[in-house]
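Peer 1: In terms of the working numbering, the sequence shown opens at residue 2 and continues consecutively.
Hints listed in this document are in silico derivations from the structure and should not be mistaken for laboratory results. Note that CB positions come from ideal geometry on N, CA and C, so glycine has one too. Accuracy of the hints is not assured; some may be wrong.
[Said to hold, decoys possible] Ranges of calculated distance between the beta carbons of each label pair, as one might list FRET restraints:
1. Pro-134 with Asp-39: 33 to 41 Å
2. Gly-40 with Ser-108: 34 to 42 Å
3. Gly-28 with Ala-119: 22 to 30 Å
4. Gly-15 with Arg-127: 30 to 38 Å
5. Gly-40 with Arg-135: 33 to 41 Å
6. Ser-19 with His-103: 16 to 24 Å
7. Ser-108 with Pro-45: 15 to 23 Å
8. Glu-118 with Arg-69: 24 to 32 Å
9. Ile-48 with Thr-98: 34 to 42 Å
10. Gly-47 with His-18: 18 to 26 Å
11. Gly-15 with Gly-40: 12 to 20 Å
12. Val-102 with Leu-16: 22 to 30 Å
13. Arg-31 with Gly-105: 13 to 21 Å
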Amino acid sequence: MSDATWWHDVASTGLNHSLGIKVVELGKDRVVATMPVDGRTHQPFGILHGGASIALAETAASLGAAGRIDREHFTAVGQEINGNHLRALSEGVVTATAVPVHVGRSSQVWSIEIRDEARRLICIARCTIAVVPRKNG
């Protein structure tokens, strides 16, 4: 996978695909991703599911962390995430912006803000990513 496109393949599969998550910016110091607030991301009462917000946050942080490591020899995996859900939302699009707080050899910590289309803060999260050696075979 080329360095310019590796994240596109990763970001467009699995849970990210199911939730409609799209990565719109990927840099060493910032990752921006969007997610629709619709039937795929609602909880039973018709508002944004907290788990969907956390999935969006971890996606942004994990891609950011992966962009800062030697992916041939290491992989970035979520180790811990916490979030505060600050506002309910029933429709529209939310945007996650992830920035690194700490980048070490074996771990990274990312701060993620999720905002609605009016730029109101919906959720704030912090994600710790472990950087681990890839296993051969």
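Peer 1: Does each hint fit the structure? Answer for all of them.
Peer 2: Going through the hints against the structure:
A C-beta distance of roughly 39 Å is found between Pro-134 and Asp-39, which places it inside the suggested range of 33 to 41 Å. In this structure the hint that Gly-40 and Ser-108 lie 34 to 42 Å apart at CB holds, the actual value being about 36 Å. Remark: the range hint 22 to 30 Å for Gly-28 to Ala-119 is upheld by a beta-carbon distance near 25 Å. In this structure the supplied range 30 to 38 Å is violated for Gly-15 paired with Arg-127, their Cβ-Cβ distance being about 23 Å.
As the Cβ distance of Gly-40 to Arg-135 is approximately 37 Å, the hint placing it in 33 to 41 Å holds. For Ser-19 paired with His-103, a C-beta distance near 30 Å fails the hint of 16 to 24 Å. At about 36 Å, the CB distance of Ser-108 to Pro-45 disagrees with the hint of 15 to 23 Å. For the pair Glu-118 and Arg-69, the supplied restraint of 24 to 32 Å holds, since their beta-carbon distance comes to about 29 Å.
Look at Ile-48 against Thr-98: about 21 Å separates their beta carbons, and that is not inside 34 to 42 Å. Against the hinted window of 18 to 26 Å, the Cβ-Cβ separation of Gly-47 and His-18 comes to about 23 Å, which satisfies the hint. Taking the beta carbon of each, Gly-15 and Gly-40 are about 19 Å apart, inside 12 to 20 Å as hinted. For Val-102 paired with Leu-16, a C-beta distance near 24 Å keeps the hint of 22 to 30 Å intact.
Evaluation of the 13 to 21 Å hint for Arg-31 and Gly-105 yields a pass: the beta carbon distance comes to about 19 Å.
Hint compliance for this structure: hints 4, 6, 7 and 9 are not met, and every other hint is.
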